[in-house]
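Asks: Starting from the given sequences, assemble the full structure and let the hints guide the process.
Residue numbers (my numbering), protein chains in the order written: chain P, 1 to 77; chain A, 1 to 149.
Source of the hints: derived by calculation from the structure; they are not laboratory data.
Values in this document were obtained by computation on a predicted structure and should not be read as measured data.
Treat the hints with care, since some could be wrong.
Unchecked claim - No more than 30 Å apart at the CA atoms, straight line, and that leaves these computed lysine-lysine pairs for DSS-like: (1) A:LYS137 x A:LYS72; (2) P:LYS16 x A:LYS72; (3) A:LYS129 x P:LYS64.
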Amino acid sequence: MKHKSEVNMLPKRKNKKYKVTGTNVWCTINPDMPSHANDPFFIKKAQESKEFLEKVGFPEELLKIREERLKKNSNQK
Amino acid sequence: MNAESYNIETTDNFLEYAFYSEGPKGRIKKVIRFTPQNAYGTTYFNVGFGDWDYEENNIDDLVITNNYDRDKVLATVAATVLDFTEYFPNALVYAKGSTPARTRLYQIGIVSNWMEINQLLHVFGFTEKNGWERFVKNFNYEAFMVFRK
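Replies: Here's what the structure looks like:
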């Protein structure tokens with residue numbers, strides 16, 4: 001199941017292979033690439049990050065920038 | 001990224017990337033995952049990065065590869081962050097290494113590719129002393145958070 005933040009974000013990429021903006025790196029979309037979503041390492045890292053951010057909070061300035069952008073985006077709709 | 005780097009592949013939901021490091025130790029699969037997580041009601045993505053362990057069938061983030069391609073690997077990881085944030089421009093991305101040495105590597109990766117990163121991302125660093133602040137070179141941070149410009 002897709003996470004809510006994955007839905008309705010951006011138009012789908014048209015090409016299966018594209019150059020990453022601002023780099024010389026080529027990226028290939030591989031729908032058969034195995035998912036590591038359940039890998040203990042990634043689960044542990046995500047949990048640790050949550051504990052850390054719940055302790056220290058998010059960068060205030062960044063939250064403001066994000067909020068303004070989201071507001072602007074919703075006004076444009 | 002003008003630095004030498006590896007080509008990457010990604011899943012069709014753009015939450016995972018993989019590439020192969022090539023060097024004296026052979027061809028080593030590297031996996032990067034952007035895991036959605038929530039703190040204080042704010043959704044963000046934790047970026048995790050490690051080597052694929054074919055024997056254990058899991059990610060090993062503590063292995064020291066020594067494939068003599070550190071800068072190339074870091075430039076490639078930076079490229080995955082640029083790609084991810086292009087696709088998810090409203091996503092906050094958090095990164096912290098599993099050890100201080102790993103976190104230091106992230107820092108080296110940011111500094112080495114600063115020109116491209118700074119054009120496209122807001123970068124913040126965390127220290128116990130100063131809390132979150134805009135990333136400054138030559139200052140050691142404990143964690144990082146980025147957001148697409």
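Asks: For LYS137 of chain A and LYS72 of chain A, compute the direct alpha-carbon distance and say whether it is at most 30 Å.
Replies: 20 Å, holds
Asks: Within 30 Å, alpha carbon to alpha carbon, are LYS16 of chain P and LYS72 of chain A?
Replies: 23 Å, holds
Asks: Hint check: LYS129 of chain A vs LYS64 of chain P, CA-CA at most 30 Å. Holds or violated?
Replies: Since the Cα atoms of LYS129 of chain A and LYS64 of chain P sit roughly 22 Å apart, the hinted pair holds (cutoff 30 Å).
Of the hints listed earlier, there is not a single one the structure fails to meet.
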